[in-house]
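K.L.:
Sequences are here, hints too, so could you generate the full structure?
Chains as they are written, first to last, in this note's numbering: chain S, 716 to 1230; chain W, 716 to 1230.
Hints were generated in silico from the structure; no laboratory data involved.
All figures in this text were calculated on a predicted structure; none of them were measured in a lab.
Hints should not be assumed to be uniformly reliable.
It does not matter which identical chain is used: a pair holds within one copy or between any two.
As the list claims (entries may be wrong) - The calculated lysine to any residue pairs, modelled on SDA-like cross-linking and capped at a C-alpha distance of 20 Å, are:
{"#": "1", "residue 1": "852", "residue 2": "1174"}
{"#": "2", "residue 1": "1192", "residue 2": "912"}
{"#": "3", "residue 1": "848", "residue 2": "827"}
{"#": "4", "residue 1": "842", "residue 2": "1048"}
{"#": "5", "residue 1": "821", "residue 2": "998"}
{"#": "6", "residue 1": "848", "residue 2": "896"}
{"#": "7", "residue 1": "852", "residue 2": "863"}
{"#": "8", "residue 1": "1011", "residue 2": "822"}
{"#": "9", "residue 1": "998", "residue 2": "840"}
{"#": "10", "residue 1": "821", "residue 2": "831"}
Protein chains: 2
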Amino acid sequence: MTGADSLVRTLVKGGVTVSFANPGTSEMHYVAALDRVQGMRCVLGLFEGVCSGAADGYYRMTDMPAATLLHLGPGLANACANLHNAKKAGSGIVNIVGEHATYHIKFDTPLTADIEGIAKPFSHWVKTSPTSKTVAKDGAHAIQAARTSPGQIATLILPADTAWGAAHEVAETPPPPAPQKPSADAVTAAAKALTNGEPGMLLLGGRALRARALELAGKIATKTGCKVQGAGANARLQRGAGRVQISRVPFVVEQATAVLKGTRQMVLCGARQPAAFFAYPGKPSILTPEDCVVTKLADVEDDCEAALEALAAELGALDAPAAGIAAAKRPDKPSGKITLDGLGMALGATMPENAIVVDESVTTGRGFFPFSAGAPPHDWLNNMGGSIGFGAPVAVGAAVACPDRKVISMIGDGSAMYTVQALWTMARENLDVCVIIFSNRSYQILYSQLADVGAPNPGPRAIDMLTLDRPALDFVKLAKGMGVEGARVEDLDGLTKQMQWAMGQKGPYLIEVMM
Amino acid sequence: MTGADSLVRTLVKGGVTVSFANPGTSEMHYVAALDRVQGMRCVLGLFEGVCSGAADGYYRMTDMPAATLLHLGPGLANACANLHNAKKAGSGIVNIVGEHATYHIKFDTPLTADIEGIAKPFSHWVKTSPTSKTVAKDGAHAIQAARTSPGQIATLILPADTAWGAAHEVAETPPPPAPQKPSADAVTAAAKALTNGEPGMLLLGGRALRARALELAGKIATKTGCKVQGAGANARLQRGAGRVQISRVPFVVEQATAVLKGTRQMVLCGARQPAAFFAYPGKPSILTPEDCVVTKLADVEDDCEAALEALAAELGALDAPAAGIAAAKRPDKPSGKITLDGLGMALGATMPENAIVVDESVTTGRGFFPFSAGAPPHDWLNNMGGSIGFGAPVAVGAAVACPDRKVISMIGDGSAMYTVQALWTMARENLDVCVIIFSNRSYQILYSQLADVGAPNPGPRAIDMLTLDRPALDFVKLAKGMGVEGARVEDLDGLTKQMQWAMGQKGPYLIEVMM
Chain S
716 MTGADSLVRT
726 LVKGGVTVSF
736 ANPGTSEMHY
746 VAALDRVQGM
756 RCVLGLFEGV
766 CSGAADGYYR
776 MTDMPAATLL
786 HLGPGLANAC
796 ANLHNAKKAG
806 SGIVNIVGEH
816 ATYHIKFDTP
826 LTADIEGIAK
836 PFSHWVKTSP
846 TSKTVAKDGA
856 HAIQAARTSP
866 GQIATLILPA
876 DTAWGAAHEV
886 AETPPPPAPQ
896 KPSADAVTAA
906 AKALTNGEPG
916 MLLLGGRALR
926 ARALELAGKI
936 ATKTGCKVQG
946 AGANARLQRG
956 AGRVQISRVP
966 FVVEQATAVL
976 KGTRQMVLCG
986 ARQPAAFFAY
996 PGKPSILTPE
1006 DCVVTKLADV
1016 EDDCEAALEA
1026 LAAELGALDA
1036 PAAGIAAAKR
1046 PDKPSGKITL
1056 DGLGMALGAT
1066 MPENAIVVDE
1076 SVTTGRGFFP
1086 FSAGAPPHDW
1096 LNNMGGSIGF
1106 GAPVAVGAAV
1116 ACPDRKVISM
1126 IGDGSAMYTV
1136 QALWTMAREN
1146 LDVCVIIFSN
1156 RSYQILYSQL
1166 ADVGAPNPGP
1176 RAIDMLTLDR
1186 PALDFVKLAK
1196 GMGVEGARVE
1206 DLDGLTKQMQ
1216 WAMGQKGPYL
1226 IEVMM
Chain W
716 MTGADSLVRT
726 LVKGGVTVSF
736 ANPGTSEMHY
746 VAALDRVQGM
756 RCVLGLFEGV
766 CSGAADGYYR
776 MTDMPAATLL
786 HLGPGLANAC
796 ANLHNAKKAG
806 SGIVNIVGEH
816 ATYHIKFDTP
826 LTADIEGIAK
836 PFSHWVKTSP
846 TSKTVAKDGA
856 HAIQAARTSP
866 GQIATLILPA
876 DTAWGAAHEV
886 AETPPPPAPQ
896 KPSADAVTAA
906 AKALTNGEPG
916 MLLLGGRALR
926 ARALELAGKI
936 ATKTGCKVQG
946 AGANARLQRG
956 AGRVQISRVP
966 FVVEQATAVL
976 KGTRQMVLCG
986 ARQPAAFFAY
996 PGKPSILTPE
1006 DCVVTKLADV
1016 EDDCEAALEA
1026 LAAELGALDA
1036 PAAGIAAAKR
1046 PDKPSGKITL
1056 DGLGMALGAT
1066 MPENAIVVDE
1076 SVTTGRGFFP
1086 FSAGAPPHDW
1096 LNNMGGSIGF
1106 GAPVAVGAAV
1116 ACPDRKVISM
1126 IGDGSAMYTV
1136 QALWTMAREN
1146 LDVCVIIFSN
1156 RSYQILYSQL
1166 ADVGAPNPGP
1176 RAIDMLTLDR
1186 PALDFVKLAK
1196 GMGVEGARVE
1206 DLDGLTKQMQ
1216 WAMGQKGPYL
1226 IEVMM
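P.N.:
What follows is the structure in structure tokens.
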């Protein structure tokens, strides 16, 4: 048994059964071990950001980490933008990063780099395994770290000789520490805050947005009259008919402060006090009103559902009906010219039960939520780290995790280009993903941001940095070049027809919406 | 004048007149300043690795740094793989990385990350500018650092309020330290080594591979009988008819040791003692014979041409004719089925004078050199850091640097996918680049590497990690999707015809060679 064998067996035994991989020479023994060990599914990505984003999506849908397989420092670096998003989302990932043989590093050959230094800003746990005999145990610790609530990035660096050297044991993964239950004091404080007669808001994030936790929040709302609000972006929000309906804190500062206006008591459960995504001259960073008192019930890594259950019990709300449950109701199929509302309606009208929506629609999709509030139950995944290039890779991982569910990945054209290689993996694995590209042929968000930072009326050189229209991208051709069929639509009738067809079939399909 | 204005003006004044940019919100004041300040050319990339690779190519062809413009930590992370390649190549780059406003960082919003931590493994110089008043001076120091021989990666982090706040001065860039001249001792030692009667080799790298330095090396060879050899990979090698012909140390360990066999005296000028790219079980890391004495004449950051001039003078070789000058001779145009030699012949037969060859042909191109040795004078650029995804971005930068020269970018299909977005920038800027993709539909190198590490006969899961044939990539469609015309060729007649046509026109064009 090689060190690589011992590691792959340890991973499989520890419940890590999918590898999103982009290997190179230094990982060849590990690749050879994948042949010998049963139980690991390997999914190849043509760019490492596809692998890390896929591992993020996989974790969000399974609450179990996948592994990545990355080629030394630069391979890890290419994965880092989506590792950043995963870290902010509280997703657990076990990164396996190849390294030169221990004795070879000192020769500083082309691929030599400070791999631990590269990993640290994006990881909770980093270790270079020193020998083939330690690899299994280090792998087990990596799994444990990755599974630590709500999920962490664990990076295990594997020098080639520790992969090809001899090993004897397969390691047992120690159980991760249980998420913290709410303290009685925190529950009492939250109950007081929501019953002191002032306008209150229960702000939810993380696993407080799963269906059962939402139901508890709805009961608390019934009992106390508080608003229930979701954070601006969320790793996984369960919504649709029969579930407590949640809106998110808007991205635009003025809209966010309007939503939060008048709130005097805010109770946080899995969410942080709302802050502006970016700073803008003369605008606040913190979005809650100045006289709002903020009380923390549970952090994102705590047991948020237990916290809500305890709070509901404290309030005597466990048997109350939940407020804000969405009635089953789809919008009519839209027709005519493309409008933002029309896009939201097309989604609400066609999405199947149990769909997984991966939302990187940026400016286009900000108003989509109401149109699918009464659609059949589904999950909605946001970008938590703000690094674009998130949508297609996360869809890959969600589809690998949930082969029986339709994944709908909505992506702005600018965002889609960062990790466009994900389409190939969708074709290779025949993943059931409908990719919808909103082609406004610009980094549309930057036009408004340019004004927001106090620099309106951009001149030609600035405009040139914001536009993607010269040359025009053709996403249908790009998709076909990677083995994914697709079509372009110019109006809502075309979009609805295409979406209906796509929802009724299995396998990847791309729809480019010309805005 | 804002801090951003002061920085852009400082860059232009300091000779940094091209920005390879992928901006976001936090960089909007900088983008606005680009409108107001004359003299900066902005080139947009749809992925940050295109920007950093382009800056690498630009430096290699101009010996002057370009700037990048990157969006916070994740934007920088996406640039890092090609920054790694640039760092190993000794290319100077001024990275401008946006950051949240200083007072906003503590709120740990989605895009907050440890930007300095991300930059450090890939940079020689890193600084976060603290105020709008310091930005200009920090920018000047970044230019100075980037211009320090042979070229360094300088990363200036620009919090948004330091860009939008007031500034008063444009800073003067201090001159970079002059590269070190050779010491008399080093020259004497090198002269002794090459004249002691033992078989000698002069191993060249860095700027020792420019035409004048090569001529000096050829004179030294005439006088001493030593071999003149190039390092395995080189930032920029000047070659072709009338220049001293250079071969490179092969990638494959057995081939490399065969080339170096019998060498008893090795003199290094801008190169390091040859080491294997990767470690392999039972194979050496150091490739020179055990009894070979290694003498360092000049490091890559030293003045290599002056070192060779001093050595030639010491040897009385300045007036000697240079050995090994390549005669003008092109191969015949090849025809028939695709062969590796035939590909090299097609290149040698069609490349125009002053071509810039960006070589990321990986396994396919290892034997190309002899067929273009007598072609008209040209530059040949290798990947120095081993991170694939180098070829198309570096071609972008070389073409921006040298608008009157044809750039030929030869890329393996696996490599091309990492930074395929570069094609769009080629179309947008109408860059004179002929991209040649070698489609063997696999990570071909990994097949041999799998055997080399002692794991032959891969099984289905391993093979699945090495093959790109399911689905087949179609690079002509991919190129068209990004506005670049192209064609697929199935034999050498088709290739030669396409290449001749491509060499005779201006603007980007892609040829996919079906292997």
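K.L.:
Please go over all the hints and tell whether each is borne out by the structure.
P.N.:
So, going through the hints one by one against the coordinates:
| no. | hint | in the structure |
| --- | --- | --- |
| 1 | 852 - 1174 | neither (58 Å within a copy, 26 Å between copies) |
| 2 | 1192 - 912 | neither (59 Å within a copy, 64 Å between copies) |
| 3 | 848 - 827 | neither (23 Å within a copy, 38 Å between copies) |
| 4 | 842 - 1048 | neither (53 Å within a copy, 54 Å between copies) |
| 5 | 821 - 998 | between (51 Å within a copy, 16 Å between copies) |
| 6 | 848 - 896 | neither (37 Å within a copy, 49 Å between copies) |
| 7 | 852 - 863 | within (17 Å within a copy, 45 Å between copies) |
| 8 | 1011 - 822 | between (52 Å within a copy, 16 Å between copies) |
| 9 | 998 - 840 | neither (36 Å within a copy, 33 Å between copies) |
| 10 | 821 - 831 | within (15 Å within a copy, 25 Å between copies) |
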